[in-house]
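Colleague: Letter by letter, the chains look like this.
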Amino acid sequence: TQLLEQSPQFLSIQEGENLTVYCNSSSVFSSLQWYRQEPGEGPVLLVTVVTGGEVKKLKRLTFQFGDARKDSSLHITAAQPGDTGLYLCAGWAGGNQFYFGTGTSLTVIP
Amino acid sequence: ETGVTQSPTHLIKTRGQQVTLRCSSQSGHNTVSWYQQALGQGPQFIFQYYREEENGRGNFPPRFSGLQFPNYSSELNVNALELDDSALYLCASSYRDRGNNSPLHFGNGTRLTVT
Numbered sequence: 043t044q045l046l047e048q049s050p051q052f053l054s055i056q057e058g059e060n061l062t063v064y065c066n067s068s069s070v071f072s073s074l075q076w077y078r079q080e081p082g083e084g085p086v087l088l089v090t091v092v093t094g095g096e097v098k099k100l101k102r103l104t105f106q107f108g109d110a111r112k113d114s115s116l117h118i119t120a121a122q123p124g125d126t127g128l129y130l131c132a133g134w135a136g137g138n139q140f141y142f143g144t145g146t147s148l149t150v151i152p
Numbered sequence: 026e027t028g029v030t031q032s033p034t035h036l037i038k039t040r041g042q043q044v045t046l047r048c049s050s051q052s053g054h055n056t057v058s059w060y061q062q063a064l065g066q067g068p069q070f071i072f073q074y075y076r077e078e079e080n081g082r083g084n085f086p087p088r089f090s091g092l093q094f095p096n097y098s099s100e101l102n103v104n105a106l107e108l109d110d111s112a113l114y115l116c117a118s119s120y121r122d123r124g125n126n127s128p129l130h131f132g133n134g135t136r137l138t139v140t
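Residue numbers (our numbering), protein chains in the order written: chain A, 43 to 152; chain B, 26 to 140.
One thing to keep in mind: the hints can contain errors.
[As the list claims (entries may be wrong)] Per the computed footprint, the stretches of chain B lying under chain A, defined by three or more beta-carbons under 8 Å from a beta-carbon of chain A, are:
1. 55-67
2. 78-84
3. 94-103
If you're looking for bench data, these hints aren't it; they were derived computationally from the structure. Idealized CB from N, CA, C, for every residue including glycine.
Produce the complete structure using the sequences and hints provided.
Modeller: Laid out in structure tokens, this is it:
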């Protein structure tokens, strides 16, 4: 069962454009993480957010955790070809597993 | 520090066969989780091993089993392979202490194809 829905599923944009990826759930999470996965590799952690309303910035990437800790967004400013990959959100509800979202496949065209 | 390593990287098996996948956890980590990732989808939790015991399981049948060794490395065994078992199998290590889980560190996965 997928508890986290991501949108859009696919995104193809030109270099320099901005984009936002959404991660939504009806469940509350203690923390939420964003990963990026490139072809042939495992997911790599980008950020962890733990407080409702928290905003974290990682260079051109801005991550926000919803006030109710049920949703999150990832905003990329001035996308570059190196940002291409599968973006995954993952929520931790305090148990022993992380629940991964459905993924957003981003392609940035030079 | 040594990252998470998985072997083999690719594997082709026939329906009905059995397979063993291996994972060496990152140094300093005591917990190993296994995930199945179908093409174009997010990873699905199979199970987690902590202190050499299964510590939580997702919606996978008993023919998926595992082991964790004293050095925290782990194996995933799948019996009676089915075509739908074709996927990328990811191992992730983390450090667990008093109910808190550190972020997951993934290996590059084993691509299993069942024909």
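Colleague: Hint by hint, work out which the structure violates, then give me just those numbers in ascending order.
Modeller: 3
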